[in-house]
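Protein chains: 2
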Amino acid sequence: MENLKQLLAGQAAAAAAGIISIIFVLIWVLNYKEGLAWDGGLAEFNWHPVLIVTGFIFFQGMAIIVYRLPWTWQCSKLVMKFIHAGLHLIALILAVIAMVAVFDFHNAAKIPNMYSLHSWLGLTSLILFCLQLVLGVGIYLIPVTPASWRAAYMPLHVYGGLLLFTSVIAVALMGITEKLIFGLSNPKYKDSPPEAIFVNVLGVLLVVFGALILWIATRTSWKRPSDQVMHTLHTNGEGEDSSKVGPVLSQLSDGSDAEPFGDVRRRSNKLDDEAN
Amino acid sequence: MENLKQLLAGQAAAAAAGIISIIFVLIWVLNYKEGLAWDGGLAEFNWHPVLIVTGFIFFQGMAIIVYRLPWTWQCSKLVMKFIHAGLHLIALILAVIAMVAVFDFHNAAKIPNMYSLHSWLGLTSLILFCLQLVLGVGIYLIPVTPASWRAAYMPLHVYGGLLLFTSVIAVALMGITEKLIFGLSNPKYKDSPPEAIFVNVLGVLLVVFGALILWIATRTSWKRPSDQVMHTLHTNGEGEDSSKVGPVLSQLSDGSDAEPFGDVRRRSNKLDDEAN
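Just so you know, the protein sequences line up as chains Z and U, in that order.
Using the UniProt record's numbering, the letters of the first sequence correspond one by one to residues 1 to 276.
Using the UniProt record's numbering, the letters of the second sequence correspond one by one to residues 1 to 276.
These aren't lab readings, by the way, just hints derived from the structure by calculation.
All of these numbers come straight from a predicted model, not from anything done at the bench.
Take the hints with a grain of salt, since some may be wrong.
[Stated by the list, open to error] When the alpha-carbon atoms are kept at most 30 Å apart in a straight line, the in silico DSSO-like pairs for lysine-lysine are as follows:
| no. | chain 1 | residue 1 | chain 2 | residue 2 |
| --- | --- | --- | --- | --- |
| 1 | U | Lys110 | U | Lys188 |
| 2 | Z | Lys188 | Z | Lys110 |
| 3 | Z | Lys179 | U | Lys5 |
| 4 | Z | Lys33 | U | Lys110 |
| 5 | Z | Lys110 | U | Lys188 |
| 6 | U | Lys5 | U | Lys188 |
| 7 | Z | Lys179 | U | Lys33 |
| 8 | U | Lys81 | Z | Lys190 |
| 9 | U | Lys110 | Z | Lys188 |
| 10 | U | Lys188 | Z | Lys190 |
| 11 | Z | Lys5 | Z | Lys81 |
| 12 | Z | Lys33 | Z | Lys179 |
| 13 | U | Lys188 | Z | Lys179 |
| 14 | U | Lys179 | U | Lys190 |
| 15 | Z | Lys179 | U | Lys110 |
| 16 | Z | Lys179 | Z | Lys110 |
| 17 | U | Lys81 | Z | Lys188 |
| 18 | U | Lys110 | U | Lys5 |
| 19 | Z | Lys190 | U | Lys190 |
| 20 | Z | Lys33 | U | Lys81 |
| 21 | U | Lys33 | U | Lys179 |
| 22 | U | Lys81 | U | Lys5 |
| 23 | U | Lys190 | Z | Lys179 |
| 24 | U | Lys190 | U | Lys110 |
| 25 | U | Lys33 | Z | Lys188 |
| 26 | Z | Lys190 | U | Lys33 |
| 27 | U | Lys190 | Z | Lys110 |
| 28 | Z | Lys188 | U | Lys188 |
| 29 | U | Lys179 | Z | Lys190 |
| 30 | U | Lys188 | Z | Lys33 |
| 31 | U | Lys179 | Z | Lys110 |
| 32 | Z | Lys33 | U | Lys33 |
| 33 | U | Lys33 | U | Lys81 |
| 34 | Z | Lys110 | U | Lys33 |
| 35 | U | Lys190 | Z | Lys188 |
I would like the entire structure built from these sequences, with the hints used as guidance.
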């Protein structure tokens, strides 16, 4: 149970860091900048950081660890897959709107599009995220997909998911840097006005959120109990799918924490519907 | 052997991306910027990107995957630990010189230090990297450290190492963004002069390098053969240490690639000196 407490504490900390980040980005645009509007001006641009932090970072992070929320372990795996995919879909939609906002603003202000490293990596991340979602749905939610394909694609699905999540945070940090340089003139960014300090703290919060999500997602002992059991048993048929995210996301750990949660696992195992 | 070919191809690709990145950063400062000098001016600043890319990124990346180079599998684990630590030490020394260069330049040019998110995250990464190295040497290279401490610290050692490596690349991308905005005036960054495109490509190369290192470091089947065997056997005494990096770094994968390399493992197992 000690391990369960740590898991819950980690998830609470991640949720707190994510929610505080959203509050910070809202305060930034509403208090320090021009607010929010859809008018082709700076207030439209401001939807970009708000929707990226809320959608592309917070929702994506939650989608990654959703299998690890203990109160979901009594839900069927299929339901959890839909929630996992659904949260990613919300992240994608918000990220697309965020991109539209910045292109609209650039076009209205006659600022070139796609010149910066931030824009190159950001758009690449969005395209690969879209591809990742399409492949994930096609391979893990369409029943006719062969089990062998599911197993073969799994390492890439997990690695790609974590890499994209990390990349989006890195791209956001570059975006914050750009905006603070371009958006602060008197005083400038280098003069450290309150807005600069405040938004630097937002950047730190995003790193903390990302680090917590990656920690939670890569602990062996925190995976969905049925996934641990099913992964060990190597059951045939659809059983391969039970190793979908839990064991894969979670194996970046050593054996020292490989066998906790025995009680929870036994309790939850019967409740899990592995059918997909 | 198919898997061994993939490992070698991955390592060759990573080395190529890293070396091309170093060539790119050298061309940037020598061809597009003021060259290299130690004079308090812009040519001294230029040591900063050169040493960060060479030391803090390339050497750190190589240090992370050094246990996975097949031609090192006949070396003793102790020798490999010293090489792992030594490469990290080189990375640290170059990173410290890189920091000195930028502080020197800022002080001479009356530019404030430590105002940007890039500087906050960069200095934090350097301090944590130093802490990671000290703890790593203290726990894994000093013989008197209890085996239980080694096992208990391992998840944090591996997670911290990969997170720091990723963070350093993210911070470098922010630094590239800053330098392109500040360093280009006529034409500006938004006008996409050749230097802007060239350095954006450098940023993309750093991401590719990072992605390859993380992929190699997290494949189950690519860990040092003796580590795979020893991890499975859960040997007592010093045996815990054999799980040092291989199994931990490598478990972000599913069972589908968990059992290759049987031939290599059997061949190499006798050669490995697990004494520490």
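Compare the structure with the hints numbered earlier in the document and write down the numbers of the violated ones, lowest to highest. 3, 6, 8, 17, 18, 20, 32, 33
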